[in-house]
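Trainee: Heads up: the sequence lines are chains A and B, in that order.
Quick note: the first sequence, position 96, residue 96 per our numbering, numbers continuous.
Quick note: the second sequence, position 157, residue 157 per our numbering, numbers continuous.
Keep in mind that the hints were calculated from the coordinates and are not lab data.
All residues carry an ideal CB built from backbone N, CA and C; glycine is no exception.
Be a bit skeptical, because a hint or two may be false.
[Stated by the list, open to error] Selected chain A positions facing chain B (in silico; Cβ < 8 angstroms):
no., residue
1, Y24
2, L68
3, I69
4, L123
5, V151
6, L215
[Claimed, not checked] Straight line, CA to CA, 20 angstroms or less: simulated EDC-like cross-link-like pairs of lysine to aspartate or glutamate:
no., chain 1, residue 1, chain 2, residue 2
7, A, K228, A, D217
8, A, K71, B, E242
9, A, K71, A, D136
10, A, K71, B, D99
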Amino acid sequence: MQDKPVTLKILDIVSVILLGVSTYLALVFAPTELVMGDVQRVFYFHIGTAWTALLGFILAAVFSVIYLIKKELKWDRLQVAAIEVSLVFFFITIVLGSIWARPAWNTWWTWDPRLTTAAVTELIYIAYFMLRQGIDDPDRRARFGAVYALVGGISAPITFFAIRLFRSIHPVVIGSANANQEKMNMTSDMRVAFFFALFAFTVIFIDLFWNRIRLGDLQEKVEQLKLKVTI
Amino acid sequence: MTDNVKRAVKTSEAGRGQKTGNFFKAVSAVVWKDLQAEFRSRELFSAMLVFSLLIILIFNFALELDIKTRQSVTAGVLWATFAFAGTLGLNRSMAIEKDRGCLDGLLLAPVDRSAIYFGKVLSNLAFMLIVEIIVLPVYSVLYNINLFQPGLLFVILLGSIGYVGVGTLLSTMSVQTRTRDILLPILLFPVVIPVLLAAVKASGGFLAGAELSDILLPINLLIAYDIIFIAVAFMVFDNVVEE
């Protein structure tokens, strides 16, 4: 059994430290938002997890295209790792968003484009894992997984734009807001906490992603050893 | 293997040499075998039809479809019915291929794999449209709404194409898994949401007599979805039938 690479060990520690610092910046350092109050502090982690989760889903779609072209199982393991970590991160995003929405919108949930798309995306990738679970042959599992990740990866943004035909009440953080949407204006201290959270969660994502890829490789090895034993 | 598959093989061999002619012959052979098998057994069609009528019956009690609610929810009820009945048909049509070894026979045929995909799409679409054509007048009579408007029929056609286009690809995958009977709706529904959304919006617009400019947006979305997903399915279909 191979040892954990030193770089990965260091990255593990760095991730924990960054998470701690980011928590401090979000909860203590950043000033309290005037209108929404303390609950707005949830937003730093909300965006941090959302951004990395989306990054992971996009990566997964890219990996699935590469897999379908090259047919090397390595790309399948990368794809599973990206989707699994992103699925958890996106779930955290939704939960944090709900906590924020309760006082801000006076409801845990609304059928706004972003929220609906988030829910649909979670369901797509849960379905992805259910599909994989039903297949024993690793090659077929990889092929079907790649096809479904690709179909889902194309469908999710279309869902978003489709629901956008209706009006949105989600605040726009980056980019232009419509007249009927509230826009967040951040002070410089808030910006520090915000961009640090983005950075921290990116590093944490890379760390988890790497660990998950390693796990996938080890799983593969175990399966091969099992096959050898049975033969 | 059935005579139909042999015929499909024969038809495709006869057409060899003219490549596009060959492709269309293969597609029509697949469609023809499906329609003929269905015409003899009628199991798929009758199941879908009875199931859709039952769903409408359930909606009747679940939503208390009085005149007021009826106007706002008719489009939704129709599309929910088509979506549920559609999964039934898609599942069955692919499961038959798998159970009787027909899929292997089809794959042995010296034709492009995408011809099999388009053939299955067309036959699934045919079943779905036939069911819809029967459900519409029944719904019209039961709830006293005229559903035979050219615009609405056009939307139903576009929506069904998108639904069946993705559904055929995913049902080909789902029948090859251990959890085949329950997996298709779980795979299909989250991916097909844009179709249902746009179709419900466009159908509702036509039923409410909205301006054409308001309905154009969801219709364009439906067309875009149909094109994108049939193109994607066309490109990846090889991967889901490879043995």
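Trainee: For this structure, which hints from the list above don't hold up?
Mentor: Those not satisfied are hints 1, 3, 6 and 10.
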